[in-house]
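So the protein lines, in turn, are chains A and B. Take 394 as the starting number for the first sequence in this note's numbering and just add one per residue. Take 394 as the starting number for the second sequence in this note's numbering and just add one per residue.
To be clear, the hints were calculated from the coordinates, so they are not data collected in a lab. Among the hints, a few may not be true.
Same chains, same label: a pair holds when it works inside one copy or across any pair of copies.
[Stated by the list, open to error] The calculated lysine-lysine pairs, modelled on DSSO-like cross-linking and capped at a C-alpha distance of 30 Å, are:
| # | residue 1 | residue 2 |
| --- | --- | --- |
| 1 | K781 | K462 |
| 2 | K528 | K402 |
| 3 | K515 | K611 |
| 4 | K515 | K623 |
| 5 | K448 | K490 |
| 6 | K611 | K886 |
| 7 | K716 | K573 |
| 8 | K611 | K679 |
| 9 | K448 | K402 |
In this text, all values refer to a predicted model and were calculated from it rather than measured experimentally.
For reference, the chains in residue letters:
2 protein chains.
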Amino acid sequence: MQEKLNRLKEILGVVADLNGAAALLDWDQQTYMPPGGVNNRGYQMATLESMAHSKFVSDEVGTLLEELKPYGESLDPESDDACLIEVTQREYQKSVKVPNAYVAEWSRVTTLAHGAWEEARKNDDFAHFQPHLEKIVELRRQYADFFKPYDHVYDPLLDDFEPGMTTAEVQEIFTSMRPKQVELIKAIAEQPQVDDSFLHLHYEEEGQWEFGETAITKYGYDWNHGRQDKAAHPFTTNFGLGDVRITTRVDENFLNTALFGTLHEAGHAIYEQGVAGELDRTPLGKGASLAIHESQSRMYENLLGRSYDFWVHFYPQLQERFKTQLGNVDLDAFYQGINKVEPSLIRVEADEATYNLHIMLRLELEIALMEGKLAVSDLPSAWNDRMKDYLGVIPPNDTEGVLQDVHWSAGILGYFPTYALGNLVSNQLWEKINQDIPGLSAQIQAGNFTELLAWLWENVHRHGAKFKPQHLVKKVVGTSISPEPYLKYLNEKFGAIYGL
Amino acid sequence: MQEKLNRLKEILGVVADLNGAAALLDWDQQTYMPPGGVNNRGYQMATLESMAHSKFVSDEVGTLLEELKPYGESLDPESDDACLIEVTQREYQKSVKVPNAYVAEWSRVTTLAHGAWEEARKNDDFAHFQPHLEKIVELRRQYADFFKPYDHVYDPLLDDFEPGMTTAEVQEIFTSMRPKQVELIKAIAEQPQVDDSFLHLHYEEEGQWEFGETAITKYGYDWNHGRQDKAAHPFTTNFGLGDVRITTRVDENFLNTALFGTLHEAGHAIYEQGVAGELDRTPLGKGASLAIHESQSRMYENLLGRSYDFWVHFYPQLQERFKTQLGNVDLDAFYQGINKVEPSLIRVEADEATYNLHIMLRLELEIALMEGKLAVSDLPSAWNDRMKDYLGVIPPNDTEGVLQDVHWSAGILGYFPTYALGNLVSNQLWEKINQDIPGLSAQIQAGNFTELLAWLWENVHRHGAKFKPQHLVKKVVGTSISPEPYLKYLNEKFGAIYGL
Chain A
394 MQEKLNRLKE
404 ILGVVADLNG
414 AAALLDWDQQ
424 TYMPPGGVNN
434 RGYQMATLES
444 MAHSKFVSDE
454 VGTLLEELKP
464 YGESLDPESD
474 DACLIEVTQR
484 EYQKSVKVPN
494 AYVAEWSRVT
504 TLAHGAWEEA
514 RKNDDFAHFQ
524 PHLEKIVELR
534 RQYADFFKPY
544 DHVYDPLLDD
554 FEPGMTTAEV
564 QEIFTSMRPK
574 QVELIKAIAE
584 QPQVDDSFLH
594 LHYEEEGQWE
604 FGETAITKYG
614 YDWNHGRQDK
624 AAHPFTTNFG
634 LGDVRITTRV
644 DENFLNTALF
654 GTLHEAGHAI
664 YEQGVAGELD
674 RTPLGKGASL
684 AIHESQSRMY
694 ENLLGRSYDF
704 WVHFYPQLQE
714 RFKTQLGNVD
724 LDAFYQGINK
734 VEPSLIRVEA
744 DEATYNLHIM
754 LRLELEIALM
764 EGKLAVSDLP
774 SAWNDRMKDY
784 LGVIPPNDTE
794 GVLQDVHWSA
804 GILGYFPTYA
814 LGNLVSNQLW
824 EKINQDIPGL
834 SAQIQAGNFT
844 ELLAWLWENV
854 HRHGAKFKPQ
864 HLVKKVVGTS
874 ISPEPYLKYL
884 NEKFGAIYGL
Chain B
394 MQEKLNRLKE
404 ILGVVADLNG
414 AAALLDWDQQ
424 TYMPPGGVNN
434 RGYQMATLES
444 MAHSKFVSDE
454 VGTLLEELKP
464 YGESLDPESD
474 DACLIEVTQR
484 EYQKSVKVPN
494 AYVAEWSRVT
504 TLAHGAWEEA
514 RKNDDFAHFQ
524 PHLEKIVELR
534 RQYADFFKPY
544 DHVYDPLLDD
554 FEPGMTTAEV
564 QEIFTSMRPK
574 QVELIKAIAE
584 QPQVDDSFLH
594 LHYEEEGQWE
604 FGETAITKYG
614 YDWNHGRQDK
624 AAHPFTTNFG
634 LGDVRITTRV
644 DENFLNTALF
654 GTLHEAGHAI
664 YEQGVAGELD
674 RTPLGKGASL
684 AIHESQSRMY
694 ENLLGRSYDF
704 WVHFYPQLQE
714 RFKTQLGNVD
724 LDAFYQGINK
734 VEPSLIRVEA
744 DEATYNLHIM
754 LRLELEIALM
764 EGKLAVSDLP
774 SAWNDRMKDY
784 LGVIPPNDTE
794 GVLQDVHWSA
804 GILGYFPTYA
814 LGNLVSNQLW
824 EKINQDIPGL
834 SAQIQAGNFT
844 ELLAWLWENV
854 HRHGAKFKPQ
864 HLVKKVVGTS
874 ISPEPYLKYL
884 NEKFGAIYGL
């Protein structure tokens, strides 16, 4: 059996190598690739992804998994090998249903779509992107059909990012949260608004970049196993657990963009840098799910980065660096400013209280596209209508509206809801962390994140993708994913800031 | 037949995709990869190279080539398809002799060796690199043995870079050149030395970088299909003909390093950017051979970049940018300074008159290593002995001696002689160019390289690897590779500078 397991790991290693190479091609495309590279990059991505796919869905892997199944069940269910066999079996079952030709076409189409989206975004020209997105929606429907029967055409997409969750479950959570979030936003809107004008002054890029690096170094981001570069849409990627890179976008006229973007991506990256090395080059060498991943990024961005404690330590440094802009803004005013609640256009810059409404909008549009109830050509107006209904703001152009997110250009549908689920999980974990580390607040005020990182490493990071997200959450906090800690946190935090 | 040819092209396209991805992995390793990435990068390179190899040496390719052979011979021998079938056949015959397991091990060993070389170079610690180089030499001997019978163990290595040339041929050319180069250097040494002290002042990096970019933009380097980054050892690479990148090293205390390095790499890159797009993703989508490649880089570095005409146009700009350093240096003095002949330690910074001696030294050491007459452990002292004999200088440490070049760390043996051959070809072409473009000197003085580039494109670049190097040279200048134009050029140029 050990021999069969080793053979399985050998094949999985080759699949991981191909995926790692594809990830580097993608990183390069989003950071440094000149425009002339786009056609060949499309071919290369298609070749690598198609090869990784056919290696993985080979009969040999199927046979090995079949033979190893009883062996896996005989092991400690939390052991690396038991989890590896189980998770690989699950991913294999999904993958064999997708034909190789589909994978190759998918890769080619999405690579071209990404370039078209960048063009469209630059020129505020949705029509330039529209045929690409139409093709993507068509291909996503074909994809869902590989997994028939399903309860909902959106289920197979969601399952790719949040194993085991259904459209109905997510809709239920969202439906229960929405009135409470709307109620909170309404209450806030009746209070005097806080001032955040100082965030919109000119902050030169170099200082922003360096402050971000200083902060995430304190968080524990390991520069020997990563680096930071610029990209139009920030993301985290890895080419193996020893090289986990982040990207950031800098806006010299808005401090939040790079600041919270960097803290956010560092949360993703620190998670992956912490996955146990033994899981590298296997399907376990990654985060448990996107919601778990997002729980880490949102924790580092919001529960830390938008907390009072964090700025007790970091504000003097930031103030020193940007004397002209912040010299007359005291800590309380700064804290209030970065936590200003105001319905706005851009998801990644939304405050914590309105953020989930951006997600709900996208989820509903994605579901409507998949159900065929919404044509891609009607997407910009549907977007703007909902922005008006939910947030009371209308994008002045598509670049700040329907074209703002990279996801659809990469063919990613089913992903957005995991952002909201991540918010919930981050607060479930946060409650437990504060029980386990009573001195955490004081540690953060001293710029000391060591004990926090050790806790996250012990309870979350090192496990990689060994456990299903619901299993992991239950294992750590005792209950499954639920919205209460998040709503409680929002009410307490913004109740204090806005004097509710 | 058209169907078979299309199928062949399809497979060759996939091989090109894998090679292109591997090239990006290598580019990234030499430019941006954090140290922690090295292990997985080794696995990834090995996987890609092994897959490209097995795709290429598949029975299907063999059968297709067999079937297409008569068809290819029935076509115009200079047509793309005829050349494709012939060149692919030649490369296939070589590749099938190399087992897949060897290719995978080779890739892994050289990736680790590169990291070890960087360490060794940083710490001036040859012993750290030694076991890696021993392994490489051992593997190169195994490689040569795949091609038995051969006249000389070094022949199969040389043939990889300069198809059809033998060790004996190269040694004959070198033997005929050596006394004439030595004679010239001796004559120069008896003359008063020119002053180049102004090249060793402090030149800030940004200005150097920008001047290099300005110059190669004038040359015709296309930034939409390429970019420039920093690397310890400058190189040119491509991931398809639409994305040809160069790298440069900057020394703030020596103007030549980045300046001539950039001009040199631009020559390589402009060549590849000019290969006809129809040849992309095939074995013809690259330079004809390394000597032809080097003929282009040396032309842009030396025949242009170290010419008086070039600096008539560019010197006022450079002087303006570096007023403090060059304000009192006139054009004649600058021209003499950058053409100073002086035996020195570093090959890439050697002047034109001594350069070939650096090559001869390396060729002899490589041959001795391959013949087993020299142990790797004795390499540093053998290096230093020959430096003393040929150039009269002894490296103060191995970093400036035996560790200076990247080639051996990448397992590249058999490559160095092509640098010297490239010098010869560049001058053969240059004579013909000046016959065909009588006004060239005036054009260069005006910073106009358009007609030159058009000539190179028409006669050399667009053909890619369609023709063997000797065939191409004969086609363009009427004779095979010969040293006379190069020696004539050296004598005339340095005769004028040193008043011989």
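Against the structure, the hints come out as follows:
Taking CA atoms no more than 30 Å apart as the test, K781 paired with K462 passes in neither setting, with 53 Å inside one copy and 67 Å between copies. In the homo-oligomer, the alpha carbons of K528 and K402 lie at most 30 Å apart only across protomers (27 Å), although the nearest pairing inside one protomer, at 36 Å, exceeds that limit. Taking identical chains as interchangeable, the C-alpha atoms of K515 and K611 lie at most 30 Å apart only when they sit on different chains, with a minimum of 28 Å there against 35 Å within one chain. Taking identical chains as interchangeable, the C-alpha atoms of K515 and K623 lie at most 30 Å apart whether they share a chain (17 Å) or sit on different chains (29 Å).
In this assembly of identical chains, the alpha carbons of K448 and K490 lie at most 30 Å apart whether taken from the same copy (14 Å) or from different copies (25 Å). In this assembly of identical chains, the alpha carbons of K611 and K886 lie at most 30 Å apart only when taken from the same copy (24 Å versus 59 Å across copies). In this assembly of identical chains, the alpha carbons of K716 and K573 never lie at most 30 Å apart, being 40 Å within a copy and 68 Å across copies at closest. For a Cα distance limit of 30 Å, the shortest separation of K611 from K679 inside one copy, 23 Å, qualifies, whereas the shortest one across copies, 47 Å, does not.
Proximity of K448 and K402 under a CA criterion of 30 Å is satisfied in both settings, with 12 Å inside one chain copy and 22 Å between copies.
Violated hints for the displayed structure, listed by number in ascending order: 1 and 7.
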